[in-house]
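First to last, the protein sequences are chains A and B.
First residue of the first sequence: 1, per our numbering; consecutive thereafter.
First residue of the second sequence: 1, per our numbering; consecutive thereafter.
Just so you know, these hints were derived from the structure itself, not from any lab.
Mixed in with the good hints, there may be bad ones.
Said to hold, decoys possible - Looking from chain A toward chain B, a few residues come up when the C-beta cut is under 10 Å (computed): (1) Gln18; (2) Glu93; (3) Ile110.
Claimed, not checked - With a straight-line cut-off of 27 Å between C-alpha atoms, the simulated DSSO-like cross-links for lysine-lysine are: (4) Lys112/B to Lys75/A; (5) Lys24/B to Lys39/A; (6) Lys67/B to Lys75/A; (7) Lys137/B to Lys111/A; (8) Lys100/A to Lys39/A.
The C-beta atom is built at its ideal place from N, Cα and C for all residues, glycine as well.
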Amino acid sequence: MTIREIAEKINGRVLCGQKRLSEEIIYAFSSDLMSDVLKVDRENILLITGLVNLQTIRTSEMSDINCIVFARNKKVNSEILSLAEENGMVLIECPHSVFKISGELYIAGIKPLY
Amino acid sequence: MQYRFKIAGGDFSNAGTVASSVKKILRQLNINHTVSKRIVIALYEAEVNVVAHAYSGLVEIDIDSEKLRAYIADKGPGIPDIPKAMEEGFSTASPQVREMGFGAGMGLSNMKRNCDILNITSEPGTGTNVEMITYFKPDAR
Ligand SMILES: Nc1ncnc2c1ncn2[C@@H]1O[C@H](COP(=O)(O)OP(=O)(O)OP(=O)(O)O)[C@@H](O)[C@H]1O
Ligand SMILES: [Mg+2]
């Protein structure tokens with residue numbers, strides 16, 4: 001699935017990284033625990049999280065994660081947005097819960113990591 | 001090549017800037033991506049530990065043709081029982097640190113996994129020194 005299709009599927013709003021919308025995503029991982037994200041070996045995964053802060057972006061940068069979905073419309077401030085833009089990441093804001101986003105994308109064929 | 005960085009304890013808005021700088025340096029040096037990622041992840045965990053658990057830190061990065069050595073020395077409470085701290089799940093992180101998504105007690109084991117040599121020494125009440133060495137060629141050790 002492309003990032004664009006993912007955003008549509010979950011009623012998400014793309015905040016930045018429009019250039020990457022046609023990139024394909026195969027795997028996703030849902031976590032609020034950054035230490036768990038840092039143990040992920042696979043690259044180019046989609047991160048689904050309820051944790052909205054600078055550390056989410058930094059952790060993704062170190063883990064080569066280029067696309068993050070923030071659940072439950074948690075607000076992304078300008079500092080977070082500019083760090084994501086600097087790193088060329090796609091941020092997607094979404095009204096649904098982590099559970100619902102994960103479920104919908106799983107049904108749509110996005111694969112789990114574990 | 002040598003690089004020096006400072007880390008401010010408690011400053012979560014800058015946690016990761018050292019690892020981010022080193023990531024860029026390694027990219028410029030054309031270091032193999034898999035190796036570079038291991039270095040960056042381990043360094044980031046060490047950096048976040050200083051921010052989360054200590055008061056201030058200094059990072060020395062030494063790069064030669066075969067390896068990168070990172071030395072992170074902090075002033076802080078130190079680690080009284082290092083083997084215990086290495087256990088997955090052991091954490092003394094504050095609620096504030098947990099709110100930032102850390103404090104699962106997995107950082108030190110992740111550092112061990114992502115470098116070739118890890119040495120930790122600590123004097124409780126004074127600080128902690130972490131040395132990590134990673135070879136660029138997977139079997140150079
Ligand atoms: N630089 C340090 N100074 C003082 N104590 C430390 C330091 N680094 C680690 N520790 C101690 O070791 C424990 C385990 O560290 P570790 O990095 O494995 O987990 P954590 O930082 O608590 O959580 P996580 O890394 O999963 O976010 C910490 O909770 C802390 O008690
Ligand atoms: Mg840690």
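Going through the hints against the structure:
1. A distance limit of 10 Å between C-beta atoms decides the matter here; for Gln18/A the minimum to chain B is near 23 Å, and the interface restraint is violated.
2. The beta carbon of Glu93/A is not positioned within 10 Å of any beta carbon in chain B (closest approach about 18 Å), and the interface hint is therefore violated.
3. The closest approach between the C-beta of Ile110/A and any C-beta of chain B is roughly 22 Å, which is over the 10 Å cut-off, so the hint fails.
4. At most 27 Å may separate the alpha-carbon atoms for a hinted pair to count; Lys112/B and Lys75/A exceed this at roughly 35 Å.
5. Simply put, Lys24/B and Lys39/A have alpha-carbon atoms about 21 Å apart, close enough for the 27 Å limit, and the pair holds.
6. The hinted pair formed by Lys67/B and Lys75/A fails the criterion: a straight-line CA distance of about 41 Å is larger than 27 Å.
7. Pair hint Lys137/B plus Lys111/A does not hold up; C-alpha atoms about 32 Å apart against a cutoff of 27 Å.
8. A hinted pair counts as satisfied when its Cα atoms are at most 27 Å apart, and Lys100/A with Lys39/A qualifies at roughly 24 Å.
Figure legend: structure checked against the earlier numbered hints; hints not met, in rising order: 1, 2, 3, 4, 6, 7.
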